[in-house]
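Just add 1149 to wherever you are in the sequence shown, counting from 1, and you've got the working numbering.
When the alpha-carbon atoms are kept at most 27 Å apart in a straight line, the in silico DSS-like pairs for lysine-lysine are as follows:
(1) Lys1207 to Lys1241
(2) Lys1238 to Lys1204
(3) Lys1204 to Lys1241
These are calculated hints, taken from the structure and not from any lab test.
Just so we're clear, the structure is a prediction, and the values are computed from it rather than from any experiment.
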Amino acid sequence: MNKIAGQFSSIEQISDQYLSKKSVNNSEQTSDISFESVLKQQLFGIEPTSTSNIKFSKHAENRLAERNITLTEEQTVRLEDGVNQADEKGIKDSLVLVDSLAFIVNVPNRTVVTAMDQAETQSNIFTNIDGAVIN
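Build the full structure now, drawing on both the sequences and the hints.
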């Protein structure tokens, strides 16, 4: 017991040494990409971007999966740009068209409510929107 006591002067010294090594290891593993972004990339093909602040509702995520819709990073940027344009015009619920994809977006919450591909938009009827952005 004296041998251990001779190596360290106090329990605080041991814990400080242990905690400082632990915090160094933890800091090396942190990332700016959230778990949600990685999950969406794996499940729905939505590329994680640290600058994107567009959210997808559970319903929209289900529609993306059911319809095998995957967004490229470029399409995600264009979707966000469309939401920004709608916001500038004061639109609350917008249709945002990106290529052959249609998104209904709650603009104040920056949340995609549902997503459709060209096959789903054949009826050309969109309800409960107060504006549209073709991007």
